[in-house]
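Student: Using the working numbering, the first residue of the sequence shown is number 2, and each one after it goes up by one.
Please keep in mind that the hints were generated in silico from the structure rather than gathered at the bench.
You can trust all of the hints, since none of them are fake.
Distance windows between CB atoms, simulated:
(1) Phe-220 to Lys-286: 13 to 23 Å
(2) Ser-129 to Ala-88: 39 to 49 Å
(3) Leu-140 to Asp-164: 29 to 39 Å
Each residue gets a CB set at the ideal place from its N, CA and C atoms; glycine is no exception.
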Amino acid sequence: MKKGIVFITGIIAFMMFFASQGFCAPTPEQWGIIMNISGRQRMLSQKMSKEALLAIAGINPDENLKKLAESMKLFETSHHALTEGDAAMNIPACEFPDISEQLEKVSILYAELDKIFDKMVEGEKADSNDMQHIAKASLPLLTAADKAVKLFEAEAIKVLTKDPTLALVINIAGRQRMLSQKMAKEALLIHLKVDATTQAESLQKTTTLFETSLKGLQFGDSEVGIPPTKEEDIKAQLETVGASWTKVKPILEKIMTQYLNYAISKDDVVSVVDLTGIILKESDKAVGMYEKVAK
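Turn these sequences into a full structure, and let the hints steer you where they fit.
Tutor: This is the structure we're talking about:
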């Protein structure tokens with residue numbers, strides 16, 4: 002949006018002052034929320050890019066521009082909550098200087114994409130340069146948001162003594178939401194012939210990480226450091242995610258392996274977008290379940 006999420010240095014000084022006065026760290030319940038919301042920001046970085054690219058590709062442009070505006074609003078309000086706090090969301094203001102600094106970097110990177118997103122939402126047509134910029138700029142924003150999550154995780158582990166692995170589990174479960182949107186974005190970029198070979202290579206890594214992470218959440222992964230899920234309701238929810246994954250995986254594999262030999266059809270892209278949308282929704286439910294365990 003035009004207002005964006007400009008980072009105000011004075012606010013940081015204000016937060017750091019109160020932090021120095023002995024403000025209490027977030028509670029375990031609040032850490033669960035913070036891990037969920039900060040992780041969701043990663044997903045939104047890819048979802049916004051996907052929605053903008055869908056509009057550029059002429060795939061339900063009005064609907065996707067409306068979704069883009071909603072995603073932008075959610076990203077901005079969530080960023081504000083993570084930096085300055087939000088009582089309604091039960092998120093305290095950030096009192097960690099290193100995390101505040103990282104959130105400032107997120108603000109700066111988002112502003113670059115916001116310029117394009119905002120003009121599209123307001124009805125101005127995007128051009129090929131905008132499409133190229135979205136493809137390139139969405140990754141630095143994702144990387145910055147991911148670093149913020151990891152910094153939050155490092156602090157959360159100090160508080161979640163009941164289950165020290167829970168912050169990592171919420172991080173990885175939340176990352177699945179992002180990966181669902183990232184693979185949709187990459188498939189769309191292949192369809193649009195935007196650096197298709199690079200996108201196909203990236204899509205291969207994205208799908209592999211999603212699948213190994215899903216198995217890790219279900220059955221545990223000693224290398225990553227997460228235990229198998231024990232809660233029956235979460236296990237059932239992860240199976241629901243897996244059911245949608247088995248449907249979209251063959252389409253993604255076809256896109257990755259055959260894009261040089263045939264044009265990726267609009268139908269293939271729409272199927273990927275629809276199925277990854279279901280995966281996003283069901284993965285988000287799983288994150289919410291993990292979050293409740295932190296209470």
